[in-house]
Amino acid sequence: MKEYQSKLLLQMHSFRKVKFWKLVPELSPSEHMLINSLCICESGRQNSGKCGSFSEIADLKISDMKGVKVSELARSIHIPMSGVSRMLASLEERGIIERRVDLNDRRNTLVFFTENGFNKAKEYRNVFDKYLDAVFEKFGKDKATQLMTLLEELSDVAKEELDKIPDESCIEVGREGRKDK
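Taken in order, the sequence shown gives residues 3 to 183; the numbers are from my numbering.
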């Protein structure tokens with residue numbers, strides 16, 4: 003591996019280790035992801051019918067919430083259903099969310115914010131926004147924009163290169179014999 007490749011991978015790993023969750027210590031890192039995902043899915047549904055983006059969260063209204071399936075939350079944060087169920091139980095105990103049976107399909111459970119949880123999610127969002135404003139102000143908005151453009155291009159190229167590799171030629175990993183993709 004070339005030195006610049008190693009440095010890039012090291013920096014990407016280093017950025018993943020930034021503990022954003024310290025901004026709201028009452029939540030675990032996984033609970034942060036779950037609440038964020040609930041906001042994103044709800045805001046997107048109100049605007050387009052699908053999970054939305056971070057920028058749409060600000061427009062979220064509790065009166066318009068339709069609920070998000072537990073399975074959808076599990077998929078969006080890449081955590082098994084059992085782990086998501088434990089997190090939801092903890093958040094429900096603290097009055098942040100509530101679970102209801104889907105009246106259209108009783109096999110599904112929908113997750114909603116409580117009034118208290120909705121207000122806390124907005125509060126968390128404001129804390130995070132202020133933090134990001136400070137980071138980007140210090141880093142420089144022009145540099146940040148340039149970095150985002152470059153990372154997007156790098157991500158696209160990396161995906162294109164992976165798509166060229168046939169699945170059969172990927173290295174086997176894990177005890178289950180999964181193939182890396």
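Simulated from the structure, these hints should not be mistaken for lab results.
Given the structure is predicted, the values throughout are model-derived calculations rather than measurements.
Just so you know, even glycine gets a beta-carbon here, dropped at the ideal spot from N, CA and C.
Certain hints may be false.
Said to hold, decoys possible - Taking lysine to aspartate or glutamate pairs in the DMTMM-like style, the calculated list, with each CA pair at most 20 Å apart, reads: (1) Lys71 - Glu28; (2) Lys21 - Glu100; (3) Lys124 - Glu28; (4) Lys21 - Glu125; (5) Lys122 - Glu5; (6) Lys9 - Glu100; (7) Lys68 - Glu28; (8) Lys63 - Glu155; (9) Lys145 - Asp131.
Claimed, not checked - Pairwise CB distance ranges (calculated): (10) Arg101 - Phe138: 34 to 42 Å; (11) Ser87 - Thr151: 37 to 45 Å; (12) Leu11 - Asn110: 26 to 34 Å; (13) Arg102 - Asp144: 40 to 48 Å; (14) Ser73 - Tyr6: 26 to 34 Å; (15) Asp107 - Val137: 41 to 49 Å; (16) Glu163 - Phe138: 41 to 49 Å.
Violations among the numbered hints, reported as their numbers in ascending order: Checked against the structure, the hints that fail are numbers 1, 2, 5, 6, 7, 8, 12, 14, 16, while the rest are satisfied.
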